[in-house]
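A.B. asks: Chains as they are written, first to last, in the numbering used here: chain L, 60 to 323; chain R, 60 to 323.
To be clear, the hints were calculated from the coordinates, so they are not data collected in a lab.
One should not assume that every hint holds.
[What the hints assert, rightly or not] Covered stretches of chain L, going by a simulated chain R footprint (3 or more residues, C-beta under 8 Å):
id, segment
1, 104-113
2, 243-256
[What the hints assert, rightly or not] Each pair of labels, with its calculated beta carbon distance range:
id, chain 1, residue 1, chain 2, residue 2, range
3, L, Glu152, R, Ser268, 16 to 22 Å
4, L, Ile277, R, Val174, 17 to 23 Å
5, R, Pro202, L, Lys278, 16 to 22 Å
6, L, Pro282, R, Thr237, 33 to 39 Å
7, R, Arg124, L, Ala301, 31 to 37 Å
8, R, Thr75, L, Ala305, 46 to 52 Å
[To be verified] Covered by chain R, according to a simulated footprint, are these stretches of chain L (three or more residues, beta-carbon under 8 Å):
id, segment
9, 83-90
10, 135-145
11, 173-186
12, 267-275
Cβ coordinates follow ideal geometry from the N, Cα and C atoms, glycine included.
2 protein chains.
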Amino acid sequence: MTASMTSLSPARPPVTAALLIIGNEILSGRTVDQNLNFLATQLSEAGIALQECRVIADDIPTIVRHLQELSRQYSLVFTSGGIGPTHDDMTAEAVEMAFDCPLELNQIALDRLLVFYGSVEQLTPARRKMTLLPRGCGLIDNPISAAPGFVIGNVYVMAGIPRVFQSMVGALLPSLSTGQAFISLTIRCPVGESQIADILTHGQATYPSLQIGSYPYIKDGMPHTAVVTRGQDTDLVKGCTAALFAQIQARVPDAMLESTSPPA
Amino acid sequence: MTASMTSLSPARPPVTAALLIIGNEILSGRTVDQNLNFLATQLSEAGIALQECRVIADDIPTIVRHLQELSRQYSLVFTSGGIGPTHDDMTAEAVEMAFDCPLELNQIALDRLLVFYGSVEQLTPARRKMTLLPRGCGLIDNPISAAPGFVIGNVYVMAGIPRVFQSMVGALLPSLSTGQAFISLTIRCPVGESQIADILTHGQATYPSLQIGSYPYIKDGMPHTAVVTRGQDTDLVKGCTAALFAQIQARVPDAMLESTSPPA
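Work out the full structure, taking the sequences as your base and the hints as a guide.
C.D. replies: See the structure below:
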């Protein structure tokens with residue numbers, strides 16, 4: 060009965076998400092961010108709509124403000140950066156201030172660092188800093204370098220180093236309540252996007268629940284356009300793409316339907 | 060007299076900036092953003108502090124809200140994306156709503172498109188859309204594909220395609236009031252960052268006006284740390300770096316001072 064009711068129940072409200080990237084090095088140009096694209100792709104496959112990303116500086120009042128704003132606006136907030144052992148790692152302290160959750164020594168985190176570093180002597184004050192976590196938080200496994208991320212409320216705090224961030228996302232995603240994966244289908248047209256703009260405008264009006272994107276690019280020196288239809292309802296995405304393709308092909312005979320779905 | 064007074068006057072207030080990246084394709088993972096890192100590097104050289112970046116969806120109310128928030132908070136707001144000919148290009152319309160500046164046909168923009176496309180017949184309704192710009196706006200040259208970006212108040216609206224975005228930033232930057240370029244100096248240490256964390260904490264407390272960043276990385280399978288000191292006062296950056304280097308080298312004899320300044 061429950062299973063049947065579940066299958067008949069209306070779609071769950073969409074799970075929305077934001078990513079907060081914390082790090083001066085991204086804003087100075089020293090480092091090229093890699094975490095946004097990784098998380099975007101993973102969330103898309105998990106059926107979670109990433110709706111915003113912010114990149115901000117290593118500054119506690121700034122981090123506090125953005126944590127509060129984003130955690131109010133989205134179902135899930137992911138952060139990257141600022142959980143290491145040095146003075147410019149201040150995310151945990153900002154979380155404490157943003158959500159009034161005192162930091163305290165987390166015994167599980169301490170035990171993991173002890174195993175990783177091999178002796179109590181190796182647990183320097185800098186490394187112990189990584190075990191000061193909000194009271195009552197959940198831990199996010201770090202298979203790379205032991206020091207865990209953590210979850211408090213709807214905020215998932217993770218490392219900035221891409222390899223560690225990726226491993227944390229991998230550890231985390233199976234536990235999140237997810238929706239239907241987003242799928243996307245692409246039509247490639249050997250014309251500039253203005254040549255088919257009217258078809259796309261009409262298509263978007265006909266399928267308001269889908270995202271129809273028009274992405275111009277140059278190939279062999281000539282303007283081309285990728286038309287991408289994206290959504291969580293596979294049949295609707297297929298139907299919309301077929302309708303667009305028929306209209307585009309009538310005008311641009313060399314247009315082609317891409318056979319594979321990814322990248323979303 | 061004026062020149063002399065200028066040179067003696069106290070430092071101008073810092074020019075702060077934010078970047079607003081508009082595009083579903085970045086949030087879906089389809090496209091890897093390239094504009095943040097390019098702008099960050101350019102602004103750093105121009106002495107403008109990029110303090111925030113947001114990536115948001117192609118949705119007019121969303122764009123309006125972020126335009127208003129960022130233009131209040133920062134001296135300069137740069138946007139990328141959403142100024143092409145198709146239905147998913149909605150930045151100009153959002154600017155109209157955000158700042159109550161009606162869109163109208165911009166004759167200079169129209170003339171440029173006419174030259175670029177070669178005839179009036181080629182100016183389809185989709186292409187004409189790119190000439191509907193806020194009344195009284197300034198234009199940002201587009202050496203690649205003619206359709207200009209525009210400036211209204213402190214908001215600089217530019218294209219999302221990286222090659223076009225870069226050409227617009229190049230056309231724009233010389234006209235902006237800029238400060239002293241940011242410089243950065245790097246110390247490379249063949250140890251994990253927790254081994255030198257106390258030195259960095261003390262250094263940051265001694266030089267609060269500089270950014271001292273600690274960036275761990277793996278080289279030849281061993282933990283390393285790049286210590287980056289960044290600021291606009293060359294002598295201060297050099298002095299801070301020399302002080303840090305002396306303390307680090309006393310503990311880590313193999314630490315090295317990187318001879319070149321970039322990347323910032």
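A.B. asks: Are the hints correct? Go through all of them and say.
C.D. replies: Hint by hint, here is what the structure shows:
1. 104-113: Result for this restraint: holds, n = 5.
2. 243-256: holds (count 5)
3. L/Glu152 / R/Ser268: 16 to 22 Å: At roughly 21 Å between Cβ atoms, serine 268 of chain R and glutamate 152 of chain L fall inside 16 to 22 Å, so the hint holds.
4. L/Ile277 / R/Val174: 17 to 23 Å: holds (20 Å)
5. R/Pro202 / L/Lys278: 16 to 22 Å: holds (21 Å)
6. L/Pro282 / R/Thr237: 33 to 39 Å: holds (35 Å)
7. R/Arg124 / L/Ala301: 31 to 37 Å: holds (35 Å)
8. R/Thr75 / L/Ala305: 46 to 52 Å: The hint (46 to 52 Å, Cβ to Cβ) holds, given that threonine 75 of chain R and alanine 305 of chain L are roughly 50 Å apart.
9. 83-90: Answer holds; 8 residues pass the 8 Å Cβ test.
10. 135-145: Our answer is that it holds, as 3 residues pass the Cβ test (under 8 Å) against chain R, meeting three.
11. 173-186: holds (count 4)
12. 267-275: Our answer is that it holds, as 6 residues pass the Cβ test (under 8 Å) against chain R, meeting three.
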